[in-house]
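K.L.:
Residue-level listing of the chains:
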Amino acid sequence: QQQVKQSPQSLIVQKGGISIINCAYENTAFDYFPWYQQFPGKGPALLIAIRPDVSEKKEGRFTISFNKSAKQFSLHIMDSQPGDSATYFCAATYRIKAAGNKLTFGGGTRVLVKP
Amino acid sequence: GAVVSQHPSWVICKSGTSVKIECRSLDFQATTMFWYRQFPKQSLMLMATSNEGSKATYEQGVEKDKFLINHASLTLSTLTVTSAHPEDSSFYICSARDPSGPFTDTQYFGPGTRLTVL
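Chains as they are written, first to last, in our numbering: chain A, 38 to 152; chain B, 105 to 222.
Hints in this document: simulated from the structure, not taken from any laboratory. Hints may contain errors.
[Unchecked claim] Cut-off 30 Å, straight-line C-alpha distance, at most; resulting in silico cross-link-like pairs (DSSO-like, lysine-lysine): (1) Lys42(A) x Lys168(B); (2) Lys79(A) x Lys159(B); (3) Lys139(A) x Lys52(A); (4) Lys139(A) x Lys151(A); (5) Lys159(B) x Lys139(A); (6) Lys79(A) x Lys145(B); (7) Lys159(B) x Lys170(B); (8) Lys108(A) x Lys170(B); (9) Lys94(A) x Lys105(A); (10) Lys139(A) x Lys108(A); (11) Lys52(A) x Lys42(A); (12) Lys79(A) x Lys52(A); (13) Lys95(A) x Lys139(A); (14) Lys170(B) x Lys52(A); (15) Lys95(A) x Lys52(A); (16) Lys145(B) x Lys94(A); (17) Lys168(B) x Lys151(A); (18) Lys145(B) x Lys168(B); (19) Lys145(B) x Lys151(A); (20) Lys168(B) x Lys124(B); (21) Lys159(B) x Lys124(B); (22) Lys79(A) x Lys118(B); (23) Lys151(A) x Lys105(A); (24) Lys95(A) x Lys159(B); (25) Lys168(B) x Lys79(A); (26) Lys95(A) x Lys79(A); (27) Lys170(B) x Lys124(B); (28) Lys170(B) x Lys145(B); (29) Lys42(A) x Lys108(A); (30) Lys159(B) x Lys105(A); (31) Lys145(B) x Lys124(B); (32) Lys124(B) x Lys42(A); (33) Lys139(A) x Lys42(A); (34) Lys170(B) x Lys95(A); (35) Lys139(A) x Lys145(B); (36) Lys139(A) x Lys94(A); (37) Lys95(A) x Lys124(B); (38) Lys145(B) x Lys108(A).
Bear in mind that the values here come from a model prediction, so they are computed numbers and not experimental data.
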């Protein structure tokens, strides 16, 4: 019930193209969905996050789309740049104190943007 | 945004020795910190949740006596890998939750520590 499934595992996109990463979850108690970007040898960095009371959130070239009924959310990277080449993780958590706000991570997507 | 640091960034040790990794929240007070382990090309695996002033909560399958966690202050948590063996070689990452931030559930990650046990 805690699993978050992420797809695809890897993605190659041309510079200027759109990268789309999808995640699906089972636990309807999840109420916070962040995306993290990780470069090799570095820790994950928070990219953008959303709560289920909105269907879309945009920050610069990054957009989260959220479908509560389908229990799915996705990350769109518009005008992809070579510097966006990294591994992206979706995650989910909920506020119940007993759970300690633990993040449940997807498996990750390695994105390569070709110049 | 909130900044979390880790020290050291990499460490090489001999089998059987202990290694301590520090995690600090630099510009906020973190009542809760988390320790993760990450193998190459894999996702992050939560090892334990560290609460200031209390014992850490370990995930199933994580040896408490091997991975000692201390959260002595609101800005510092330490992970000590005791009697390290080559199979403990991994990338260890901490995160901290900023309870005063716009998203109180947000975890901010440190840069990670690469541990290699010879």
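K.L.:
Does lysine 94(A) lie within 30 Å of lysine 139(A) when you go C-alpha to C-alpha?
P.N.:
holds, 23 Å
K.L.:
Quickly compare the C-alpha distance for lysine 151(A) and lysine 105(A) to 30 Å and report which way the hint goes.
P.N.:
At roughly 33 Å apart (the allowed maximum being 30 Å), lysine 105(A) and lysine 151(A) break the hint.
K.L.:
Hint check: lysine 124(B) vs lysine 42(A), CA-CA at most 30 Å. Holds or violated?
P.N.:
This hinted pair is violated, its Cα atoms lying about 33 Å apart.
K.L.:
Measure nothing beyond the straight line between the CA atoms of lysine 170(B) and lysine 124(B); if it is 30 Å or shorter, mark the hint as holding.
P.N.:
Given pair lysine 170(B), lysine 124(B) holds - Cα atoms ~12 Å apart, limit 30 Å.
K.L.:
Can the restraint linking lysine 108(A) and lysine 170(B) be considered satisfied, given a maximum Cα separation of 30 Å?
P.N.:
With a Cα-Cα distance of about 38 Å, the restraint between lysine 108(A) and lysine 170(B) is violated, given a limit of 30 Å.
K.L.:
Going straight from one Cα to the other, do lysine 159(B) and lysine 105(A) come out at no more than 30 Å?
P.N.:
violated, 36 Å
K.L.:
Taking only the CA atoms, is the gap from lysine 139(A) to lysine 145(B) under or equal to 30 Å?
P.N.:
holds, 21 Å
K.L.:
Please verify whether lysine 139(A) and lysine 42(A) have alpha carbons no more than 30 Å apart.
P.N.:
holds, 16 Å
K.L.:
Next pair to validate is lysine 79(A) with lysine 52(A); report whether the Cα-Cα distance is within 30 Å.
P.N.:
holds, 23 Å
K.L.:
Starting from lysine 145(B), check that the Cα of lysine 168(B) is at most 30 Å away, please.
P.N.:
Since the Cα atoms of lysine 145(B) and lysine 168(B) sit roughly 26 Å apart, the hinted pair holds (cutoff 30 Å).
K.L.:
Does lysine 108(A) sit within 30 Å of lysine 42(A), going by the straight-line distance between their CA atoms?
P.N.:
Holds, at about 11 Å.
K.L.:
Do the alpha carbons of lysine 170(B) and lysine 145(B) lie within 30 Å of each other, as the hint requires?
P.N.:
Roughly 24 Å separates the two Cα atoms, so the pair holds.
The structure shown violates the earlier hints numbered 3, 4, 8, 14, 17, 23, 24, 30, 32, 34, 37.
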